[in-house]
Amino acid sequence: MVPESHYVALSAVLFVIGVVGVLIRRNPLVIFMSIELMLNAANLALVAFGQRHGTAQGQALVFFVMCVAAAEVAVGLAIIVSIFRMRRRLSVDELSLMRW
Amino acid sequence: MLPLISFRAIAPGMALAATACLLLLLDLLPTRGRKDHLAVVGLAGVVLSMILSLGLWGSDERAFNGMVRLDGFALFFNLVIGFATGLVLLLSIDYLRRQGMESGEFYILVLFSAVGMTLMAGAGDLIVIFLGLEVMSLSLYVLAGWFEGRLEAGEASMKYFLLGAFASGFFLYGIALIFGATGSTNLDRIAVAVAGGAARDPLLIIGFGLLVAGFGFKISSVPFHMWTADVYQGAPTSVTALIATGSKAAAFAALLRVLLSALRTVQPDWAVLFWGLAVLSMTAGNVVALAQQNIKRMLAYSSIAHAGYILVGVVAGGALGGGGVLFYLLVYTFTTAGAFGVILLLERDGREAVAVSDLAGLATRHPVLALTFSVFLLSLVGIPPTAGFVGKFYLFGAAVRTGYVWLAVIGVVNSAIAAYYYLRLIVFMYMREPEGSPTVLVPSLPAGLALAVALWGVVQLGVLPAPFLDLAQAAVIPLLR
Amino acid sequence: MEYVSLLMVFAVAAGVAGALMGIPLLIAPKRTSPAKQAPFECGKDPVAVAEGRFAIKFSTIAIFFIIFDIELLFVWPWATIYRTLGWFGFVEMMVFLGVLMLGFLYIWKKRGLEWE
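Residue numbers (the working numbering), protein chains in the order written: chain A, 4 to 103; chain B, 118 to 598; chain C, -5 to 110.
In case anyone wonders, no lab produced these hints; they're calculated from the structure.
Virtual Cβ for every residue (Gly too), placed ideally from N, Cα, C.
Take these hints with a grain of salt, some might be off.
Claimed, not checked - To spell it out: a stretch of chain C is covered by chain A in this simulated footprint if at least three of its residues, at any positions, have a beta carbon under 8 Å from a beta carbon of chain A; those stretches are:
1) 64 to 70
2) 76 to 83
To be verified - Computed from the model, here is a short list of chain C residues facing chain B with C-beta under 8 Å:
3) Val93
4) Leu96
5) Phe98
6) Lys103
What the hints assert, rightly or not - Derived DEER-like restraints, expressed as beta-carbon distance ranges:
7) Pro584/B to Ile101/C: 58 to 64 Å
8) Leu540/B to Lys104/C: 31 to 37 Å
9) Val559/B to Thr58/A: 55 to 61 Å
10) Phe124/B to Val23/A: 43 to 49 Å
11) Val559/B to Phe84/C: 26 to 32 Å
12) Phe181/B to Thr74/C: 56 to 62 Å
13) Gly467/B to Ser53/C: 32 to 38 Å
14) Phe90/C to Gly172/B: 25 to 31 Å
15) Ile101/C to Phe181/B: 36 to 42 Å
16) Ala8/C to Gly326/B: 42 to 48 Å
17) Gly467/B to Ile55/C: 34 to 40 Å
18) Leu145/B to Met36/A: 30 to 36 Å
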């Protein structure tokens, strides 16, 4: 059996990879993928902690998170596509029309 | 086996959700291009939801296994959210048509975001707060980019979305860690675990920190405010009003509930954290607002500063501080919706007049509108007898009475700094001569109605605040039990 | 030891896939032609480079698919305790699916599913 703390550690690693990805990448799609990684890290942590406390609640919460993540993907992709139609290029550095 | 189902507890939110679904169907019916009837039906749904909230007044119960709470706190916020949504619907009708972006989806999305807000206000469980937050935010992300084809709109939408999703990632991981530390996401059970010694668990502390980052984003507190100005500027003005009033009120509702009901026993620990956030938000917001030439951006930094003022009440805590926060959010909803409502009616050379210089000479051309705007601005400064003064008085008073004298002093100094940039607008309206083509008022009956309601709110809460303040303080009591 | 059956499934799957890829290498005849060397071998010459852009309307359909695909994940836990929930659970699920269908109807009538 793999102890539950290993899963929590893995989820922390995934979460940090996601955060770093958001901070250093410049393509909105990749940033978005990193955000999804953060959500999935939270899913893994929820399931692992549910195992530790002996409840199925953690697994039930994952359903809601997955559902929210799907809705977020739909809205996010739609926004990204509409911006792409307008500019024909994608980089968050170009999103600097407004300053201060 | 089944949890107790109580439709009473979610009746106000259900009314909004059912109205939104009805609008989806109505939007499919063939009409001759006009979508006014959708706004009217939506408004009826909002009014119905507020009537239901009033009818349920006084109840205090938990439903769906403690997932949802029906208490004065939730009902008070339902009213605040109802006012915010109703005003935004009224303001949008003619504005959208003028901009050539009239569409049924707009009203549907506004209502769905209101559903999310009521869900947050009545949440008894962290995961319900998360779901409400997402329902609200996903609608707002789309609304922020409503003026498709304008570069600022796309930028606002994209920034709001990417940073918002980033913040909800933090929020969710915070929930996961708190679940790990306490074995539950229910606020009551978290409170029991915290009182039982989980407060020193590093998992809980880190989890709470991540949760605060998520909340800080939604209430646009420094250092989580980066999105605010760009989104406020790029979004349609009526949507900006919704983001500034409704979404902020809902986020504060959830934050207060978490702090006061789940973490009350460790109040001194989190009070320090929010002390810092309050000072940073007030100061940074006001100082940067001084330099703004765009009114929407200026109001964005002003809203950051106001998040700081409201956090002063959060730090004070208890019935006094909490009541002050609730009252101020009601005041802020009327004031800010009114201020954005005035801007949305102004046009110059066929484009929106959002520069400070566009206001020059407005008082001679449109004296009533200029006077209305001045009342809203004076309320934002906090000058008696407007509602803003009473609200700030109770917020800072609560801080003084709970021993945070320095925080109150910093707040008062900040209000004085803020007076400069609000009064500058009044100076422009009354004492400057316009250059070039004049700024014109685009008449609109629904928007006029909205401004009248907002003006009534500002004056009523400023002149006769006592009954509303009692309601606000009574609404916090269920959390403290 | 409880996972042995799972390991066996993996082993059989890997074996079948490996065999299908390996046996042709040994016994199949090899004749090449320019068409076969192209990145996509489908009997036609490529009309554009693979990195080119593709129709963006394709993504709209994909976005709709994601939503309806994931929403259905709530049906699965419902199905496992369907008998315990009884009529109440059935009605609740019909309400859920009804709201989902309302969204579908909206997409359909707003011409979101049309290719052109």
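Practice item. List in ascending order the numbers of the hints, as given earlier, that are violated by the structure. Key: Hint check: 2, 5, 7, 8, 11, 12, 15 fail, others pass.
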